[in-house]
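**Q** Residues per chain, in single letters:
There are 2 protein chains.
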Amino acid sequence: MEIEKIREEIANKGLKVTPQRVAILEAIYSLNNHPTAENIADHIKESQPNIAIGTIYKVLDALVEHNIIKKVTTEAGKMRYDGFTEHHHHLYCIECDLIEDYIDEELNELLKNHFNKKRIKGFHIKNFAVQVNGTFDKC
Amino acid sequence: MEIEKIREEIANKGLKVTPQRVAILEAIYSLNNHPTAENIADHIKESQPNIAIGTIYKVLDALVEHNIIKKVTTEAGKMRYDGFTEHHHHLYCIECDLIEDYIDEELNELLKNHFNKKRIKGFHIKNFAVQVNGTFDKC
DNA sequence: TTGTAAAGGAGAATCATTCTTATTTAATAA
DNA sequence: TTATTAAATAAGAATGATTCTCCTTTACAA
Chain S
1 MEIEKIREEI ANKGLKVTPQ RVAILEAIYS LNNHPTAENI ADHIKESQPN
51 IAIGTIYKVL DALVEHNIIK KVTTEAGKMR YDGFTEHHHH LYCIECDLIE
101 DYIDEELNEL LKNHFNKKRI KGFHIKNFAV QVNGTFDKC
Chain C
1 MEIEKIREEI ANKGLKVTPQ RVAILEAIYS LNNHPTAENI ADHIKESQPN
51 IAIGTIYKVL DALVEHNIIK KVTTEAGKMR YDGFTEHHHH LYCIECDLIE
101 DYIDEELNEL LKNHFNKKRI KGFHIKNFAV QVNGTFDKC
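Same order as they appear, the protein sequences are chains S and C.
Going by my numbering, the first sequence opens with residue 1, and the numbers climb by one from there.
Going by my numbering, the second sequence opens with residue 1, and the numbers climb by one from there.
Just to be clear, a hint being listed does not mean it is correct.
To be verified - Heads up, simulated EDC-like pairs for lysine to aspartate or glutamate below, C-alpha to C-alpha not over 16 angstroms straight-line: (1) Lys121/S to Asp104/C; (2) Lys117/S to Glu4/C; (3) Lys121/S to Asp101/C; (4) Lys78/S to Glu106/S; (5) Lys16/S to Asp61/S; (6) Lys71/C to Glu100/C; (7) Lys121/C to Asp104/S.
Rather than coming from a laboratory, the hints here were simulated on the basis of the structure.
Please work from the sequences and hints to get the whole structure.
**A** Rendered as structure tokens:
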């Protein structure tokens, strides 16, 4: 995605467009691999050599807050960030730390129908996601 | 579950049966609410007043390693532990920190069928779980 | 009963993340 | 264009969960 689109995306949510925010969001899009805060710091260190790690966390929080990115939790204990915000699922590699987005409209429908039929007593569903664990051939 | 069953469960996996391990596993079963390490520490502090917090983490790791309990990740950044190890899903409350086990054999079948039909190129599925987010009536 | 590998206790260390405070800056209005 | 100001950043201390180290204790096999 071009820088101008990124600037617009940030501005459209009512956030100030700062070089740090642009660099971080660009990093998430171009890394495209559910990076950690540290991965992002590494990726932007040429363009933002003086950025504070605390700033990266604060920017990430703001982007999550405004639904520009999403948080992805893992068992490794580090938070990871996903630039794709549409309803989707994740493939988790149990051998390496790879996470891939898994988009499956048919699966969404299947689950939506299932949960419409089968209400859960005492619980009101807002959304759902499937965590698919396994191995990538490349691993 | 009775203490003797717990001792057997630990012994059957080839682990030494220690009072700390028994107390921790008993805490997980009786709390029955996906406790954190700290929750467990609180629960066992009468019977194990001198247990080190590091020991709790080490015991939990051993129990997970031997498939007696499971780790549950959350966005709150604390690891939680689940004494139910059969294939199941989780209901996450987005208002409080409640997590409930969600057992739905029909859903398991639905997903198994779906993934049998729809192979994911380059990825070999080992297992899957649905994370259902919403609110409990009681919250 | 003893020997020994495994487990536990104490507390320091680590690591991701958050907080505090002073400084800087983006965006708005004059 | 410049001045104003609320919001954002830098720096680094603080926090909090978890891990590690090292020494002591214990479960259990022989």
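**Q** List, from low to high, the hint numbers that the structure doesn't satisfy.
**A** 2, 4
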